[in-house]
Structures are given as structure tokens and as C-alpha cells.
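> One-letter residues, chain by chain:
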Amino acid sequence: MRRTFAATFLREIFRPLGQILIFITATGLVLSAVMLLLAVLLRGSAIDQALIGRNSVDLLTYTLANLPQVLLDGITLGFVYATIALGYTMVYGVLEFINFAHSEIFAIGAFVGVEVLIALQGAGVLANSTGFGAYAWLIFAMLCGMAASGLTAVLMERVAYRPLRNAPRLVPLISAIGVSFFLQDLIRLVESLTTGQFYRVIPSFGNFEDRVSLATIPLAGSTINVSIQNKSILVILVAVLMLVGLNYLVNATKLGKAIRSVAQDRRSASLMGINVNLIISATFLIGGALGGAAGLLYALKFTRIDPFMGFFPGIKAFTAAVMGGIGNITGAMLGGIVLGMLETFAGSFLSVYTMGAAGAEYTDILAFGILILVLIFRPTGFLGEQVGQKA
Amino acid sequence: MTLLETKGVTKRFGGLVAVHNMDFNEEEGKIYSIIGPNGAGKTTFFNTLTGIYKPEEGAITFDGHSLVGRRPDQISALAIARTFQNIRLFGTMTVVENILVGMNNRLHQNSIGTLLHSKGFREEEESAFKRACELMDFVGLKGIGDELALNLPYGGQRRIEIARALASQPKLLLLDEPTAGMNPHETDDAIRLFRRVRDELGITILLIEHDMRVVMGISERITVMDYGEKIAEGTPAEIRSNPRVIEAYLGRGAAAEQMAEGEA
Amino acid sequence: MATNTLKRTFSRAKDFLQTEKGGIIAIIFTVAYLLVTGLLVYFFIQSLVAFLLFLASGLLVYYLPMPIKAKVIISLVAALVIIPILGIRNIFYLEVMFQICLFSSLALGLNIVVGFTGLLNLGYVAFYAVGAYTWAFFGSQQMYLLHSIPGSQPATNAFFLPADMFYLFAFVGMAVAAIVGILLGLPVLRVRGDYLAIVTLGFGEVIRVLANNLDKPINLTNGPQGITPIQQPTLPQGLQDALRVVLNPLVGHNVTQGEFYNLFFYLITLLVILVVVGVVVRLDNSKIGRAWTAIREDEVAAVAMGIPAVKMKLAAFAVAASFAGIMGVIFAANRTFVSPESFNFLQSINVLTMVILGGMGSIPGVILGAAAVTVLNLQVLQGLSLSLNELRQSGGVIPIINFAWKDLSSQLDPAKYQRLLFGLILIIMMIYRPAGLIPEKRRKRMPAGSEKPKELDNNNNSAVEANQEAHNDAS
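Chains as they are written, first to last, in the numbering used here: chain A, 1 to 391; chain B, 1001 to 1264; chain C, 2001 to 2475.
Excised from the complex, chain A in its bound form (with noise of 0.2 Å):
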């Protein structure tokens, strides 16, 4: 039964927006609704009049007034997670093996990105531009980040893996481990030869960091502001483009369909003609070009990056695909929005409901402990793995 491309083009741009849409509404609500039990659960309690004491204002309408802005951070902070984890989950789904290197994939998009703009800023060329201009620098800035971090990962996987593709799981695993450590102390080393410098700071330019404000929420004599920078609108926008667009090439296309089947049986596809080892470069390609995207929306985002950057988003990045089923595209998004969410109430919240006994420095730590519980208690993933069945 042939489909129209109409057809199927809609379908496959729609079916992820859809399902975008549901899970940040999902867990918004849900985790909105926690929140709101436990200020209720204590109301009166310890927690409550120290909070009181301090700030004048009780533990529910603290939580209430607080919920608008950190529900927009944490979907930001979400979907940078949800692009990170694509990278994983896509090399995971066709060679069962975690790309441990491609935290720093991510992070040599940003340093590519942000050198660029540096350089750009430096001719002047940033300065001048507004507006539309803008936006076509950092697009362009981001397009040779993606480019340099997605050959990264070709070269990565031809020199340190291809070999290996056949030992023990731990070998490749190891040299993985190798590659990302080499690749952090290369970026430092470029940088030391040819800046000096340890940290990059993006340039700013354009609009991205003005806020639109979407409420303003009056509390205990002063008012919340709830706003969103634009630059936070430009990095969901990005996201959610990506997600969709690597959405529709799995599903809806040729390659994707090779991928597919490279990923379910890597003998039969070669056997149908496929070229494997060409689809598995086209596969680290594409999840590194879009790793490399997502390192320089988390320099636009964070604005500063050192050559480290990499190690806490890329294993909270692989906690999240984990958490929506290691292969399983559609699960990395859920598990990046969850995560980014579960992360940004953690980071607001902590602090006070443990009276400052324990505050956002643990937030890091959190996504190990969800890591070990998805583990533990559901293996696969809320969403269920995809990964190819070996005879």
C-alpha cells in the first residue's frame, strides 16, 4: 500500500511534535504536582516556618510562585539534554556500544562554534549585525561546529572502533574511554598552543540575551518576573527542529531505513546489499553533527566552556537516553525532558525543602542516582529499547 509522501511527511513531522508536546506536558504536571503535594504535606512543619522566617513568604505560595520560570527552565535544559542524548542513542542502537567519547564531540562543536564567533566578532563583522543578521551568524557558526564535530566522529569511529568491532564488548568500551580522554586533553592542548587560554566565552551579539517576559507574579511584596531569554527560545526552537528532522530521517527515509536495518541485523543487511560500514559512519556522522549542535546551544545557553564541558552533560546525556530506551530516538527526547526537568526543580527547590542541608551542588549527582534506579527497576527504559537482536 503506497503511501503518499504527503502523507507520510506529515506524519512523521507531527507524530514527534505531538509527542514532544505530551511529554513536556506530562511531566510538567506531574512534577508540578509533587511539588505542590509535599509544600501542602508540610505545611506548618520546620521547613515551612524557616522558610517563612527567611524569606516572609510559606512554603506553598513559595513553591506556586517559583513553578511558572522553573517548569521554562527546565524544558530548555531539557531539550539540550534530549539533542546530546541522540548522539548516544543512535550509536548505541546500531553497534550496541556506548560512544563514551561523544561527550567530547559535544564539546568540540562548542569550541569550534565559539571560535568562529570570536573569530567573526574579532573582523568586526558582529558588531554590525541585528536582527535577522544575527541569527545567520550563530546559524552558521553552529553549521561548521556540526561539521567539525560530526568528521570528529568519523575519524573516531574508523581509527578507535572499527577495528574493535568484533572483541569483547569491554574493548571498544575501553578505547572509547581512551579517545574521550585524548580528545579533552587535544582540545586543551589547540587552545593553549593557539589562544592560551582555558576558558572561551561566547561573544554576545544580536538579542539573545533579552527577555520576554511572559508574567509577572507578585510574591511577598516583590514580584516574580516569569520570562524567557530569547536566546532559551532559539536553543528549544533548534532542539526541537533537530528532533524532528532526525525523526523523519529514521522513519522516513532511505538511510534511515538502512540504519534500521544495520541496527537490527548488521549480516543480513550487508547481505542485502547494504554497505555497513558506510552506514555506520553516516550514523556517527549524524549523531555528531547534532552532539556538535547541542554544544554550541549550551554555549549560547551557559555561555562559557572549557574543555571539560563535556563529562557531566554527556553521562547525564546517556542517563537520559537510558531512561527512554537506549536506541529508541523518541525515548532519548522523553528521557532528556525528564531529566532536564527532575534536574532544574532539584537545583530550585532542594535547598529550602532540606532547610540548606543539602542544595544545588547535588544536582549533578542526582542523574547518577535516577541513572541506578532506571537500572534497577526498569532496564529498558520507560519507552523500551531498540537495539538489534544478535543471532
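Source of the hints: derived by calculation from the structure; they are not laboratory data.
Some hints here could point you the wrong way.
To give an idea of the chain A side of the interface with chain C (calculated C-beta under 10 Å), a few residues [what the hints assert, rightly or not]:
id	residue
1	ASP48
2	PHE100
3	VAL159
4	PRO163
5	ARG169
6	LEU173
7	ALA176
8	ILE177
9	LEU186
10	GLY196
11	MET355
12	ALA357
13	LEU375
Ranges of calculated distance between the beta carbons of each label pair, as one might list FRET restraints [as the list claims (entries may be wrong)]:
id	chain 1	residue 1	chain 2	residue 2	range
14	C	SER2394	A	GLU209	23 to 33 Å
15	C	TYR2063	A	ALA167	23 to 33 Å
16	C	ALA2158	A	LEU373	18 to 28 Å
17	A	ALA167	B	VAL1068	37 to 47 Å
18	C	LEU2146	A	THR194	12 to 22 Å
19	B	SER1241	A	LYS254	50 to 60 Å
20	C	ILE2218	A	PRO168	23 to 33 Å
21	A	LEU241	C	SER2394	51 to 61 Å
Built from N, CA and C at the ideal position, the CB exists for glycine as well.
Guided by the hints, dock chains B and C onto chain A, whose structure is given.
Below, chains B and C without anything else, positioned relative to chain A:
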């Protein structure tokens, strides 16, 4: 006396019923076989017996103990041993070490004794090594104890597997296609070996086999499975002429032919 | 042609060495080598090359066939007489030996988990940290500072425990680390191989973040500033004076108390590593060690043979953790200072690189790996750093590109490029020599002179004949 008994054992994988309502028993000191076309559920049945799978329904009793819900290492401790369809040796360990691992349950060493190399420890290691050598001789692997298991040819590896299984002093030995890939010489040796295991060591044997020479040659009773169910059971002579069995292996046409020949 | 003659002379030399006369020649050669390189180090005390040559004598002792007693005596003399003297001449060498023994212990522990049992643990440093912080907490004044904000309260003069409780706490640290190992293992060991790696990595980070942040609500770890001072066990003055009588003339200066402490810690770690090696060898040659290796080779088959996989994996974790724990205590006492910085992911990979480089599952391999990586870290990289600094001062230029050395960014310091080094080692080893420098060797048990394999068959068919028959039957 009945050593092993299963009643109504059913194993499902999602929608696929791999083993359905399997009633089976085996008397002590016998050699029985389970045969059937590929995919009939024979290995799944073995895996259920040895605890790798947990059956959805049914009861399994061995030597008075219920096996359902026990882990494979616990079942091994109850004196059931097995070999695997695709040889699963410890490749980078030597032949002797593979057999010594088989003895793991029977060795009583504790950590203190190990660390202090107590007399008890040393004596037990000595006697374990001697027994391993005896088992090697028994299966025909004399003198190659220090070879790495993965270096041995296929037939040798099969023997190591059997020796390793025997090392745990089982009452019941489950052999999963033990003569697969063997030439007629090796198969004859294998048949002799199995008889010796029953006669000299008093071990009950349950065989999954495709080689009809082996099956018809040494089985005292044959059970036939197809699509997860038992379709026939009986002596070799009964099975050989059972139309349902012929149909399962060769298709309905062949069965009809056989019937026609039989009547003619 | 040349390689063949080389091979022949080589094997003839090997055969000769197996004889009694050959054994004596080996002993004489090794002793002579030790003395020559020892003297070289003594007189060229700053020379890295001399030191490396001296260390290479370890390989000689290992590889050359000599009676076991000779090997033991030579090793003991080298370790207990020559190294202390050389080490006090140049205290840096004692530090290197201390770290070699320390990391050998850690590497042997990790080897049990990764090498024997095949579980990739990327968070091994957590157990090391647990041991270190155990002594750091009890052996310092931290017990009195539980409610003070880090850095605000002047430390009281009292220490919570007498300094010599260090010896007891070596065992306490071991036990605590082992318990933590089991607690980590319980939820985590059913997770499959590559996921286990990430989870253990996470656990290592959790411990580090805890160490960094458990300074509130009660100040257990003093946060990022770490805990200091931590006590060292007492060295009796009388003993020091007695040793000075012997050592001062040999080393050419008055031996300070600090140098005695360096010597003490070297000897302690040497003692521990000897015990650790003994323990590991004994475990390896028992049903426990065989069970671990069986799990690594084929867990399904191992369980079918009656090996309780979860229990054995927990045991591996516990034993490995205990080695790290005791070394953590010793480390804390040696440095008199611990901070969360010393227990990061890089350290876990440091130990993993030693295991991979030396040879997974191989006890001598892992020790060689530890020595090699430690020397690389402490001496080779440092040496490169120093040379680079000299070049920077010199005002010369890099050839070809004509770039002035002194314009090279000060960020560029080879001593800090361990990640590059570890990364390269891991990649190269995995691709070209995954078994390591000294691959694991299974123990030979068959009595010498037993029949060489006639392979297979009660019928006494040789394997070749049997194969031919198989071919004939198939065709």
C-alpha cells in the same frame, strides 16, 4: 524410582508459547532422549529444568525437591549438571581448570583456609586435581590438562564439557546435542562414553539429540516434541513407526507414504 | 634469515639458562646489573635514565630463570637495602617507590574486578577515598570541628585519637571500604557490562561530590578545603638515631625526620604490597579465583556449574575495595592532608590504565603497569616539563615553523597532560595488544613428563586422522 518429574510445564516468551503443558518423568539410572524438529522447544525445556528460565505454569520435582523458582547455581547444587548446545567452555582457562570449576560446588574450601594455605585446603586441591585427571582419562582427554580450552579441536571441547559436567558428581546429566558436528567414529565413542557414565558412574542421562543412530542406539525411552508439546513417547521401536513423529519430521506426505508402505 | 639465527640463539640461550650452570650465570648477571645500575644512580643521583635502568632490574629478576630462593634474596636486598640508600640520597626516588607500591596495590585490587571477573569498574577511586577519609576524620581534629564552618574556627590543639591508632585504622579503613564495596555492589551488579561501567563511574563521582559537600549540616569532610593536619604514626627517636649511625655516611648528609618518614611509608607500602600479592595469588589458585575467571569467560555457563554469580561478584568488589581502603589510610597519613580533588575520575582512569597497560588478569603485568604509569606520571612527564621550561628560558626557536619557545603559552605543561597520555595508552593497547604487556598466563598443573597430547579418542586416532575422516565423510 522417578528421579525427575515435570507436570504441566509451560514457558512463554511474550506471545510465543515455547513449551506447552509438558509432562515428563525419568527413572533413576536410565538414559532417555528428547527429540524433535528444530524449534520444538527442547533446549527451552532444558533451560527451564536448569533454572535459566522460570516456567509460567507447572511443577518440576527432582529427587524430592521442587525446582521452580530456583537459580541455576542452586539447581546445580541439587546434583543436576548439563552441557550446552553451543559449547560454552571457559576458553582462556586450561582443560583442568574447566573441570575444576565444575567441581566448585563440591569443594569446601573457605576463605581463611585459602589465604593461609591450610592443610585442609592443600589436601582438597590435591584431591580435586587428581579427580580432574581421572575425569579427563574417563572422557579420553589424557595428558592435555594444561592446554587452553579454546585451543582444542571441536571433539575435544565437547569432551571437556562432559568432564566438567561430571565433575560436580551429578545424579542427573542433561546433554544438549552432545554429538552435533561429530563424525561417525567420534559418535561411536560418544555412545560408549554415555553408556559408561550410566553403568560405571550410576548417573541418569537425559539427551537432546538429532542423530538418530545415537537416539535409537542407547535410549531406553524417547520423548518427541513438536511446537512445544509432547507428541509421542515410547521405546525406540514404537517411536520409529509412530506416524505423528514421522509427520513432524518429514511432513504429512511422508507420513502417508510410510503408512501406505506399512500396510502394504 | 637474520631473524631465524637470532631466534635460534635466543632459544638456545633460554635452554642454557634453564640448566644449573645457566641459573648461576643468571644470578651473577642480575646481581652485577643491580650493583652497576645502583652505583650509576648513586653517583648520577639526578639522572632519570640511570634510575630507569635500575628499575629495569625488576624485569631481569622476573624473567631470568633462577632458583626461587635466589630471586627472593636478590629482591629483598634490592628493596630493603639498595633502594633506601638511593632513596635517601634523592628523596624523590623514595616518593616514586612509595607511589609504585601504592598504585600496584590499587591496580591489583582493580585487577580482581576488571581482570579476573571481567567487570569494568570506573569508579574505583571511591573506595580509595573512603579509606583516606576514614583516617582523615578520626586521625585529625575533625571530630572537634563538626559544627564549625570550614575555615572559620581555629583548630584546637587536641587530636581526637593518638597517632599510633593509624595501624588499627589501616584495618578499619579496609573494612569500611569493603562494606562500601558491598553496598555499591548489591544494587548494581545485576546491571550488564557497559552500563555497569557508567554506574560505577557515577558512584565514584557521588563519593567525590559527597566529600566536597558534607561540610554541612555537620562538618564531616571540611568540604573542598579538605582535612589537615592528619597524624602520622610516631617513629621512635632512638630508632632514628641508631639508623643515622649507619645511614649518614652512606648518603652523605644527616638524615632528617622527614626523610625517615618517607622511608617508613615506603617500607609500609612495600609490606602491604607483598601481603596483597600473596593474597591475590592464593585467591587466584583456589576455587574463588577460578569462579571469578569463569564468570568473566561465560557467566551463564559459570552459573550452570553452580557458581553463585552475585555472591562472587560482591566478593570481588569487597576484596578490591579493601585493598584500596588500606592504601587510602596510608595515603592520608603520608600526605597529612586529603581533599576531594585527589579522588576524581582521572584517578580511576589512572589505575585502569595501569591494569590495561600491564595486562588484565595478570599479576606481574599489573605491577609492571603500575610502575610504568607511575614513572611516566612522576618522572617522564615532569622531565618533559622541565626540559620545556629550559627551552622556554633559552630564547631559541622551534625549527621549521620558527616559533620562539618562550612564546609558547604557559598553559602548555606536559606534566598536566596525563589525560592525553592515558587516552593514547588505552586506545593503542586495545587495538594492538589488548592482553597487555605481560599477558595473563594460566598455571601449569600437569606433572612434568606427562604424555604430550595425543588429543581425542579412545581409539588413539590422532586429531589429524580424525579430521581427515571427517572431511572424507563430508565429501
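> Determine which of the earlier numbered hints do not hold for this structure and return their numbers in increasing order.
Violated: hints 1, 14, 16, 18, 20.
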